[in-house]
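Trainee: Knowing the structure of chain S, use the given hints to seat chain U on it.
Sequence order for the protein chains is S and U.
With this note's numbering, letter number 203 in the first sequence gets 637, and the count goes up by one each step, no holes.
With this note's numbering, letter number 391 in the second sequence gets 766, and the count goes up by one each step, no holes.
These aren't lab readings, by the way, just hints derived from the structure by calculation.
Here the structure is a predicted model, which means the values were calculated and not measured.
Take these hints with a grain of salt, some might be off.
[To be verified] One-sided excerpt, in silico: chain U residues whose CB lies under 7 Å from chain S: (1) Ala-580; (2) Thr-581; (3) Ser-670.
[Unchecked claim] Sample of chain U residues lacking proximity to chain S, with all beta carbon distances greater than 12 Å (derived): (4) Asn-443; (5) Leu-599; (6) Pro-677; (7) Asp-736.
[Stated by the list, open to error] Derived DSS-like pairs: lysine-lysine, alpha-carbon spacing no greater than 27 Å straight-line: (8) Lys-542/S / Lys-575/U; (9) Lys-542/S / Lys-600/U; (10) Lys-542/S / Lys-601/U; (11) Lys-589/S / Lys-575/U; (12) Lys-688/U / Lys-706/U; (13) Lys-542/S / Lys-593/U; (14) Lys-470/U / Lys-415/U.
C-beta atoms are modelled at their ideal positions from N, C-alpha and C, and glycine is treated no differently.
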Amino acid sequence: MKMSRLFRKTLIGAIILFGVIATATSILSGWNLYSRLTDEFRSKGAAIARSIADSSVETLLYRDPSTIQALLDQALEIRGVAYVFVVDAQNEIIAHTFVPAVPDEVLKISSGAQSVREGTAITDLRIEGMGDFINVSSPILAGVAGAVHVGMDRKIISDDIRSAVIRQQLLMLAIFLLSVIAAYIFVNRISRPLTKLAHYANRIAEHGFESAANSRSDIASLPVRSDDEVGKLAQSFIYMESTLRRYIGDLQRTTAELEEYSQKLEQKVEERTAELREKNVQLEQTLQQIKEMQNQIIMQEKMASLGGLTAGIAHEIKNPLNFVNNFAALSVDLTRELRDEIRNQKDKLDAGAIDYIEEILDDLELNVTKINEHGKRADSIVRGMLLHSRGKSGERQPTDINALLAEYVNLAYHGMRAQDSTFNVKIESDYDSSIGLVKIVPQDISRVFLNMVNNACYAANGKKQQVGDGFTPTITVRTRNLGDKVEIRIRDNGKGIPKEARDKIFNPFFTTKPTGKGTGLGLSISYDIIVQQHKGEIKIETEEGSYAEFIIILPKEPA
Amino acid sequence: MRRYFKRYFRPFWLCSLLCILLSGWVYARDLVIGVSAAFKGPSKGLGIELYRGSMAYIEHINRSGGANGRRIVIKAYDDEYNPVPAVENTIKLVKEDNVFLLFDYVGTPTVTRVLPLLKIYSDRSIYLFFPFTGAQPHRQAPYDEFVFNLRASYRQETGGLVDNFVRINRKRIAIFYQADAYGRSGWDGVKRALSRYGLKIVGEATYRRGTKYTDSLKQQVDILKKTDADAVICIGAYAACAAFIRDARDSNWQVPIANVSFVGSESMLGLLLETGSKAGRDYTADLINSQVVPSYEDMTLPAVREYRELMDKYNPIPPTEIMEEGYKPLKYSFVSFEGFLNAKVLVEILRRMGSEPERADIKQVVEGIKNLDIGINAPVSFGQQKHQGLDNVYYTTVEGGRFIPLNDWKRWAK
Numbered sequence: 435m436k437m438s439r440l441f442r443k444t445l446i447g448a449i450i451l452f453g454v455i456a457t458a459t460s461i462l463s464g465w466n467l468y469s470r471l472t473d474e475f476r477s478k479g480a481a482i483a484r485s486i487a488d489s490s491v492e493t494l495l496y497r498d499p500s501t502i503q504a505l506l507d508q509a510l511e512i513r514g515v516a517y518v519f520v521v522d523a524q525n526e527i528i529a530h531t532f533v534p535a536v537p538d539e540v541l542k543i544s545s546g547a548q549s550v551r552e553g554t555a556i557t558d559l560r561i562e563g564m565g566d567f568i569n570v571s572s573p574i575l576a577g578v579a580g581a582v583h584v585g586m587d588r589k590i591i592s593d594d595i596r597s598a599v600i601r602q603q604l605l606m607l608a609i610f611l612l613s614v615i616a617a618y619i620f621v622n623r624i625s626r627p628l629t630k631l632a633h634y635a636n637r638i639a640e641h642g643f644e645s646a647a648n649s650r651s652d653i654a655s656l657p658v659r660s661d662d663e664v665g666k667l668a669q670s671f672i673y674m675e676s677t678l679r680r681y682i683g684d685l686q687r688t689t690a691e692l693e694e695y696s697q698k699l700e701q702k703v704e705e706r707t708a709e710l711r712e713k714n715v716q717l718e719q720t721l722q723q724i725k726e727m728q729n730q731i732i733m734q735e736k737m738a739s740l741g742g743l744t745a746g747i748a749h750e751i752k753n754p755l756n757f758v759n760n761f762a763a764l765s766v767d768l769t770r771e772l773r774d775e776i777r778n779q780k781d782k783l784d785a786g787a788i789d790y791i792e793e794i795l796d797d798l799e800l801n802v803t804k805i806n807e808h809g810k811r812a813d814s815i816v817r818g819m820l821l822h823s824r825g826k827s828g829e830r831q832p833t834d835i836n837a838l839l840a841e842y843v844n845l846a847y848h849g850m851r852a853q854d855s856t857f858n859v860k861i862e863s864d865y866d867s868s869i870g871l872v873k874i875v876p877q878d879i880s881r882v883f884l885n886m887v888n889n890a891c892y893a894a895n896g897k898k899q900q901v902g903d904g905f906t907p908t909i910t911v912r913t914r915n916l917g918d919k920v921e922i923r924i925r926d927n928g929k930g931i932p933k934e935a936r937d938k939i940f941n942p943f944f945t946t947k948p949t950g951k952g953t954g955l956g957l958s959i960s961y962d963i964i965v966q967q968h969k970g971e972i973k974i975e976t977e978e979g980s981y982a983e984f985i986i987i988l989p990k991e992p993a
Numbered sequence: 376m377r378r379y380f381k382r383y384f385r386p387f388w389l390c391s392l393l394c395i396l397l398s399g400w401v402y403a404r405d406l407v408i409g410v411s412a413a414f415k416g417p418s419k420g421l422g423i424e425l426y427r428g429s430m431a432y433i434e435h436i437n438r439s440g441g442a443n444g445r446r447i448v449i450k451a452y453d454d455e456y457n458p459v460p461a462v463e464n465t466i467k468l469v470k471e472d473n474v475f476l477l478f479d480y481v482g483t484p485t486v487t488r489v490l491p492l493l494k495i496y497s498d499r500s501i502y503l504f505f506p507f508t509g510a511q512p513h514r515q516a517p518y519d520e521f522v523f524n525l526r527a528s529y530r531q532e533t534g535g536l537v538d539n540f541v542r543i544n545r546k547r548i549a550i551f552y553q554a555d556a557y558g559r560s561g562w563d564g565v566k567r568a569l570s571r572y573g574l575k576i577v578g579e580a581t582y583r584r585g586t587k588y589t590d591s592l593k594q595q596v597d598i599l600k601k602t603d604a605d606a607v608i609c610i611g612a613y614a615a616c617a618a619f620i621r622d623a624r625d626s627n628w629q630v631p632i633a634n635v636s637f638v639g640s641e642s643m644l645g646l647l648l649e650t651g652s653k654a655g656r657d658y659t660a661d662l663i664n665s666q667v668v669p670s671y672e673d674m675t676l677p678a679v680r681e682y683r684e685l686m687d688k689y690n691p692i693p694p695t696e697i698m699e700e701g702y703k704p705l706k707y708s709f710v711s712f713e714g715f716l717n718a719k720v721l722v723e724i725l726r727r728m729g730s731e732p733e734r735a736d737i738k739q740v741v742e743g744i745k746n747l748d749i750g751i752n753a754p755v756s757f758g759q760q761k762h763q764g765l766d767n768v769y770y771t772t773v774e775g776g777r778f779i780p781l782n783d784w785k786r787w788a789k
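Only chain S is shown next, with the shape it has when bound in the complex:
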């Protein structure tokens, strides 16, 4: 516990005061005791000496010294008696109690002490090695028979004084300690409120207003009730605090408002920033869309011009090609007619010549047949090219897209089987029955489906050819209702589409099939039908070596 400074000062003062009082009382009582005890010892010694002297008269005269010695021994048992001795008329010591021998000082006073004969005499005697004594001598039979000397021990006096003084000092000390405790309590009573006030003031100085509860307890501990100076001081402190508190309260309120404003401002700025950011994102998205649209437009333009070009070319080629085809067919008939005619004229003509002619005829027929055949093929290419240019075909009509898809998957599958009897793929389908009717041009869309399923079958089968029996070629067709749109997915687990082919896949005449197997127009036409005609989307998801999936999204109603 920290000692109060006030208390410390008081304590030092008290110690000094106590020391002075203790010393003074010790000296006084020591002196009192000394004179009292000395007097007492003197009178005691005198009484003992006189009594021995009185009772020794007869003993000295008639009895032996051991009887006197017994008397002395008895006297020696009295407290304070240090020695007793008896001298006879010749000043010789006839009995004494000294151990180990009669000291010289005693021999001196016993031999030269004629004056004591008159009456009781008291002298101080110091004996080397024994101490200080009050020597009381009493004459026996008025000194005629000798004298009794009693030595009273001054050491007992000093011991008594010492023990009495010590006891007194202990008492004083106890009282002092009690008063120190009392003073401590008393000073604490004064200093604790002062300390509290100081503490309180410090808190105020440090603006310790945070906790109202704190200050309330502080105030509760303040000695406001006492009507002394401390109490008044405490009241002034409380008044001061309340004033300060009011000012500081105003200040705090203002600060709080300011803070609120700044917070609101910050919030608004943040909101704006967020909006701007959002706009930015939107703008970016729009930009992206624009770019995409641009690309699409460019693509469409490219397609359109390409389509126009091919259509033009096709148209121009179609007429001469018709002639070629028609006349080739005609020429075949003509060769037959010629052969028949030659047979009819068989006997007219040289047999050798006939054989030779017939040989030439066979060659001619074969050539013409080939011309006709390839002409037809060229015609079919041209017709396909013409499809691009043919802007609008059929009418849109509500169609069950699931049924349409199923029909064409089946058709494609059987078509493939018809060409190649070893062909086999597993077909999985998942049609969303909630789609309902979709307004499309069924002839065109069915063309797209056929195209795509054909491609899928080709890819899956191709992989089967490569990998072998462990592989099950699978085609998965799925439809999904997207609300106002329909999603159609056609997936094969074939070799996938290489990255470099992906950009060009919708270009006309682009094909990965061997020459003669594909025209390179299927996907290009499909793209036209879905994107341009039906305002849908067509996307590819693929992983090289494992799958390719064409995703067609069609709006249910034309825009």
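Mentor: Relative to the frame of chain S, chain U by itself:
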């Protein structure tokens, strides 16, 4: 029922009554003798050995029918050789134990203080028999009439010692004595004896009663050594005297040292022999002990033979409650021999008092003893003016670790 009772119980209660009467008679037949002596403390050897000697004879008498058919019972208390307990014990013995007489007290300071009590109890005829002290107070008026002594006085002992020392020209005599009535008595004896030759004590030193053997008495030795004394007479108890002799010899002072009978010769010798054997030197040379009984080694004496026989036979021990533990009794000693002789005279007195002894008759009976032979070649006589039975002093010295009669003082002649 009544008839039944009478028939069977009358003999029974008659028998009981007889028993009670008999026991009362037996009780009344005991002669209780009171003893207060040192059974504890530095002088316990004196009280215990004196008691043992007396009890050896009393036991013998009790076993052979008692004194006039009465058993002699000793009631003993310990006073540790201090006057105050001795006085208290005496009061208790007289008032509570109602003893027939007091016997075998030990010590001058104790006996000296008990004497006034005897005066007070004179109406009851309380007598003190054969105290173990040679001091004067109970040999002189006014107390001599209440005390009967057997042993010679210190004056006789010290006088004899002084006479012998002067005879061999050792005239410078110093005295070492106990600072009390005993010591003063011996001091007075020496002083008186010297004054007959016109001599004085050349030096004196005292010690406090109760000094133990382990205490140093070097100071006293130095005081006396300074006086260049020819001989030292010690009036003290065995512990202090043995310590004085030890310290004197340790400071190479080979003067003859004489002790009186009270010292307890064997106890003193025992201490000196023990220390001697430990220190590897002889502390027993040049020692003279005066005795008041003949040497128990003198087998020509019938009393010595009887004493030895009875001591061997009974080897009595004081009651343990009054005795200090660890005391080793002496087989024979001057003190127990004195106790034995004390008891012998006591029994003779009790015999002479008849079967119904009365205290009032004691004085008359004792004073009537003349020339009683107790087997020591010295007749015991008492008389109206003579309350001391024996006057002989015997001198002994140590040879071969035991006391032998000293016949030739010339070896210390100067």
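Trainee: Verify the proposed pairing of Lys-542/S with Lys-593/U, using a straight-line Cα cut of 27 Å.
Mentor: holds, 25 Å
Trainee: Assess, step by step, whether the Cα of Lys-542/S is no farther than 27 Å from the Cα of Lys-575/U, and give holds or violated.
Mentor: holds, 19 Å
Trainee: Please work out if Lys-542/S and Lys-600/U have their alpha carbons no farther apart than 27 Å.
Mentor: holds, 22 Å
Trainee: Non-interface claim for Asp-736/U: all C-beta distances to chain S beyond 12 Å?
Mentor: The claim holds: Asp-736/U sits with its nearest Cβ about 29 Å from chain S, beyond 12 Å.
Trainee: Over 12 Å to the closest beta carbon of chain S is the bar; see if Asn-443/U clears it.
Mentor: holds, 37 Å
Trainee: Mind checking the CB of Thr-581/U against every CB in chain S and telling me if the closest is under 7 Å?
Mentor: This hint holds: Thr-581/U lies near chain S, its Cβ roughly 5 Å from the closest one there, short of 7 Å.
Trainee: Check the hint pairing Lys-542/S with Lys-601/U against an upper bound of 27 Å on the C-alpha distance.
Mentor: holds, 19 Å
Trainee: Minimum C-beta separation from Leu-599/U to chain S exceeding 12 Å: can you confirm that?
Mentor: Given that some Cβ of chain S is not farther than 12 Å from that of Leu-599/U, nearest at about 9 Å, it is violated.
Trainee: Is the Cα-Cα distance between Lys-470/U and Lys-415/U 27 Å or less?
Mentor: holds, 24 Å
Trainee: Please check whether Ser-670/U passes as an interface residue: C-beta within 7 Å of a C-beta belonging to chain S.
Mentor: Constraint on Ser-670/U not satisfied, violated at 28 Å.
Trainee: Take a quick look at whether Lys-688/U and Lys-706/U sit within 27 Å of each other, Cα to Cα.
Mentor: holds, 11 Å
Trainee: Over 12 Å to the closest beta carbon of chain S is the bar; see if Pro-677/U clears it.
Mentor: holds, 35 Å
Hints 3, 5 and 11 from the earlier list are contradicted by this structure; the remaining hints agree with it.
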